[in-house]
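**Q** Protein chains in written order, with the UniProt record's numbering: chain A, 1 to 799; chain B, 1 to 482.
Derived from the structure by calculation, the hints contain no laboratory data. A couple of the hints might just be wrong.
As the list claims (entries may be wrong) - Below 20 Å or equal to it, Euclidean Cα-Cα: the simulated SDA-like pairs (lysine to any residue) are:
#	chain 1	residue 1	chain 2	residue 2
1	A	K784	A	P446
2	B	K32	A	D47
3	B	K32	A	P446
4	A	K30	B	L444
5	B	K86	A	P35
6	A	K388	A	E436
7	B	K32	A	P52
8	B	K411	B	V344
9	A	K36	B	R90
10	A	K689	B	L444
11	B	K32	A	L49
12	A	K27	A	L783
13	A	K552	A	R580
14	A	K573	A	T18
15	A	K689	B	T445
16	B	K473	A	S445
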Amino acid sequence: MSNHVTTRTQEEIAALFTEDLVTGVGKSVKHDSAPKHVSGEAVYVDDRLEFPNQLHIYARMSDRAHARIVRIDTAPCYEVPGVAIAITAQDIPGQLDIGAVLPGDPLLADGKVEFIGQPVIAVAADSLETARKAAMAAIIEYEDLEPVIDVVDALHKKHFVLDSHAHKRGDSAGALATAPRRLQGSLHIGGQEHFYLETQVSSVMPTEDGGMIVYTSTQNPTEVQKLVAEVLGVPMNKIVIDMRRMGGGFGGKETQAAGPACLCAVIAHLTGRPTKMRLPRMEDMTMTGKRHPFYVEYDVGFDDDGLLHGIEIDLAGNCGYSPDLSGSIVDRAMFHSDNAYYLGDATINGHRCKTNLASNTAYRGFGGPQGMVAIEEIMDAVARELGKDPLEVRKRNYYGKTERNVTHYYQTVEHNMLEEMTAELEASSDYATRREAIRAFNAASPILKKGLALTPVKFGISFTASFLNQAGALVHVYTDGSIHLNHGGTEMGQGLNTKVAQVVAEVFQVDIERIQITATNTDKVPNTSPTAASSGTDLNGKAAQNAAQTIKQRLVEFAARKWQIFEEDVEFKNGQVRLRDHYISFEELIQQAYFGQVSLSSTGFYRTPKIYYDRSQARGRPFYYFAYGAACSEVIVDTLTGEYRMLRSDILHDVGASLNPAIDIGQVEGGFVQGLGWLTMEELVWNDKGKLMTNGPASYKIPAVADMPLDLRVKLVENRKNPEDTVFHSKAVGEPPFMLGISVWCAIKDAVASLADYRAQPQIDAPATPERVLWGVEQMRRLKQAAVSLPEPAVETAH
Amino acid sequence: MIQFLLNRELRSERALDPNTTVLQYLREYRGKTGTKEGCASGDCGACTVVVGELVGDRLRYRTLNSCLTFISALHGKQLISVEDLKDQGRLHSVQQAMVDCHGSQCGFCTPGFVMSLFALQKNAGAVNEYDPHQAHEALAGNLCRCTGYRPILEAAEQACGDRQPDQFDAREAETIAQLKAIAPREMAELSDGEKRCLSPLTVAELAEVYAANPDARLLAGGTDLALEVTQFHRELPVMIHVGQITEMKQVQIADRHIEIGAVAPLTDCYAALAAEYPDFGELLQRFASLQIRNQGTLGGNIGNASPIGDSPPLLIALGAEVILRKGASSRTLPLEDYFIDYKVTARQPGEFIEKVRVPRATPDRLFRAYKVSKRLDDDISAVCAAFDLQITDGVVADARVAFGGMAAIPKRAAACEATLNGAPWNQQTVEAACGALAEDFTPLTDFRASREYRLLVAQNLLRKCFLEQHAPKTETRVTAYV
């Protein structure tokens, strides 16, 4: 108990009481780790102090895409000085498979390999370089089997990791047959490497109880705990996961962190020594899954106004060799193949293609972006077909407010903000004027062409596996009034800890400085869901609010009792407490409550209300609410090389009542740039043997500083609380802004379409690398030439 | 033994594997884990540190990628890492700017950005002057996956706009004295018994030790050589570090030539080349990253004989020569004859590039260079083109056309040149010359580009060159939008 409580007069406390809390919700509080980030003091797993006997682990990866393992001989590994152990699948004491939802991911290859990069053996030595050298010394013999590398090939062969699934509303075939106009097309959408700056890393210490303390960079501590327990064959209560911070996650550490953690645990178990496994960048990019590439085929029927009558879309996700999370990811692609639009009679088919590549996994948006790219491509194609501005066609097809407001999975779109937001953005970005200016520029500029596009985002918030929508928290108030906070979410840079602390600060009406958040830890908050699906704050913020309110209610009841006042007379504000007409400080109240034998610790829990979904019927309300956004981007394209530059982007994004505008804007801008990277320069290239050729930042290019738009104007929608009862009526912000990047891809296509007078849609698959753009340019030039030599309008309806 | 300042502390390292990178040294030997490994290939900037060195009597601070810098390169210099910026419990102004502007999210790239901002602030022209172009250049080699860069640029503006004297300013005289005291006076050697790195101080010394150790690997900036260790896991038993040879770092402008010492960092080559050939300057600004250009040398870019090195096509088109030295003798070779086949050069065992001689611009010649890559900054060219044309009375009197990325070596386009030479400089000639490019090159398809794209772009770049000269008001470059 502190003896140094500041004594203030009643007047002073009363004056403080009238002031607002400066670090509560809605304030741009700085990221709690920022001073540590900038000074190098923030500790990541690889920075932890090492034990002298710690082993470093390297996994030797398969160099075959599909093969039977004929022989493994690890004896040569032991000839390298410093090697402690070399293990194969046979050495795993418990369960071999670490598949997240369904089996299919052996920790080490068992009898066969299914992609280049699959871990076959793991070697532990006194340094990473020694472990690597020893692992490469092992003899592994293969008998090659036929691989499937191409997603279209897999689709045609019906080579799937899971069954296909459909969302159906109405009679799409009939609608297509009777629609005045009809278009068919196909599109390849590239995958994306997460490129978290910190690669996968885990460090494990054996405990005296036969368990493990696991320090790991994961979005999913409970899952790692469960899998470590399973590979060791021990109960979960032997395993503790400690996760202070990740150097970026983006979905890439939802399931993919488990492998290194489990290998560390197995080897720690076998040797009794602490272990660490950090993947060098090339190994990380080769071994771990990425965003799913998709192949899309569509057939759309519409009228002369561009209004959709019916649609059929086939979404084929390239899942790689195992199911991982592909079931839900392709589902989410299907859920978002409407984006903001009422599709009419629709059939959306989702296929989960099996290829001999690393198992593709969660990545910001979780399939949603791919579904949205598909429908935005269709919007553009319809507009070109009709010679209309694509924005006109988009707006024409927006969900209505009272009719045409039910999705193809039968959820009613409530509180739709896109019409107003689009109008506001159109005005603030000066869309119409710039559209005219760009047409004039393009007419006068033979080589450089400008493009403009305004695209909307409507993104469904909630895990579509409904049970995951739950969270826990733990709050302790110590006798000096300082507060310790834990919750089940993980901090990967998104500012979750800061936001959750703001929530607790708001409930107690104390300054955030008083609140300490420590590492996410499975022995503090158990049975957590992954920090994913943008849900971190919605779920954990609510759970922490619940815990804090429980304690606060105890304090209120205690105060009413002690000071003989009504509960309504007890009010917390700005670190002070009013007891009817008397004031005390928060810490004074805490002291008194402690002496009054009040419990100052509580767990909190939350589960999302209202949601349900029947997958067998493909009907329900999978999403608690939708987050909205819109972006208007302008680009300039060099029609001789296909190079381009982002000139300007205006963004208007909906986060409900923002918990922290600075952090939310950081998510919006960062998501947008990541999204534009995905659709422009970030190209994954595999060779015909299934080897990833773009396996490092020299060959795989994520946006650098020059790739952000030269003029970037980001605004959050103001004074629009989330109508649903979310944490302080905020909205999730992690994933939705990613899809604002689609505006850049559409703007590039718009620039290219100018070459054929905007009457044809250039076939530019994603990502729109300079090469793909140049081929689009060539396609438009050919069409234009053909048009010049024809008497009739160039682009006929392609029935 | 090598000696350097670890911030303020004098370190004398005797027994250390010369294959040790500065990043490993900081993290594993000194327990300074603030500097991060993001890629170990010099492409992400998370490991950026600042090295201070004496230039004349002044301190100069430059960023480099610690993952690509072997420890011997620190000899006689000051190493500053992110831990050194906080002073008496207070954040440095660049650190505070990053905090104030919400410039960190996950924080893993942040130490690298902080060091780039620190060097930017130190090198900003006048006090309290923010030059957005300079900031972009300083940050182009640092990747951030979280923020989208806007807040980091804002931090740059704050840090440069409100520059306060810091502890490094306060200790400047002391640091200069410390560096003078450890200035190399004789050839240094770092070894751990089996592996050695020698650092000669003069060309003559280099010629001697290289002749005695013809199998040694020459270490200049090391930005390519270090990849053999960090990415390909080879061990380099003997290295000769040439970065201490002052006479090989000179850039001299003579009447008809610019003479560039082979070890001059690309950063130091910029001014002379850009003044003469603006397109060379533009290309150099997109050449890798500032960290790499602070380390990498023109001699190294030639010496490693990569088919995708960015400077050779330009130098070949300009008719540059290399001066090769072996023992006491030297010879001069046109650069185009230096490259023989993929990674095969005319360099003999024990021979090294001493200088590069670049002809100065003349009013009758037209020089254009273009780099085409997936990403504008810090990317390897799919195609790099250079045109050096002498046009007299509307006729091409002499054409020198060279490409990178189109063949196993940087190479002149003989058929294209032959078509141009003696022909009127018009569209018809250009189209014929474009056709000839298909005879000159059979490019490869790889993950950067297809052969068809490479060939079409090569042709289009000649068309662009013509257009720029013929219709100079036409906008042709997206890079002009800044």
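**Q** All hints are to be evaluated individually against the structure, with a verdict given for each.
**A** Cross-check of the supplied hints:
1. Note on A:K784 and A:P446: the hinted pairing holds, with a Cα-Cα distance of about 14 Å set against a maximum of 20 Å.
2. Distance check on the hinted pair: B:K32 and A:D47 sit about 9 Å apart at the alpha-carbon level, within 20 Å; holds.
3. Distance restraint check for B:K32 and A:P446: the Cα-Cα separation of roughly 55 Å exceeds the 20 Å cut-off, and the hinted pair is therefore not satisfied.
4. Of the supplied pair hints, the one linking A:K30 and B:L444 is violated, its CA atoms being roughly 50 Å apart against a limit of 20 Å.
5. For the proposed pair B:K86 and A:P35, the alpha carbon gap of about 10 Å is at most 20 Å, so the pair holds.
6. The straight-line distance between the Cα atoms of A:K388 and A:E436 is roughly 14 Å, inside the 20 Å bound, and the hint therefore holds.
7. For the given pair, B:K32 sits about 17 Å from A:P52 by alpha-carbon distance, which is consistent with the 20 Å threshold.
8. Under the criterion of a C-alpha separation no larger than 20 Å, the hint pairing B:K411 with B:V344 is consistent with the structure, at around 13 Å.
9. Between A:K36 and B:R90 the CA atoms are separated by roughly 12 Å; this keeps the pair inside 20 Å, and the hint holds.
10. The suggested pairing of A:K689 with B:L444 holds, with an alpha-carbon distance near 18 Å, which does not exceed 20 Å.
11. The straight-line distance between the Cα atoms of B:K32 and A:L49 is roughly 11 Å, inside the 20 Å bound, and the hint therefore holds.
12. Taking the CA atoms of A:K27 and A:L783, the gap is about 54 Å. The hint is violated against a cut of 20 Å.
13. Simply put, A:K552 and A:R580 have alpha-carbon atoms about 17 Å apart, close enough for the 20 Å limit, and the pair holds.
14. Only pairs whose Cα atoms come within 20 Å are accepted, and A:K573 paired with A:T18 is accepted, the gap being roughly 8 Å.
15. Our distance criterion of 20 Å between C-alpha atoms is met by A:K689 and B:T445, whose separation comes to about 15 Å.
16. Proximity of B:K473 to A:S445 is assessed by CA-CA distance (about 10 Å); at most 20 Å being required, the pair is judged to hold.
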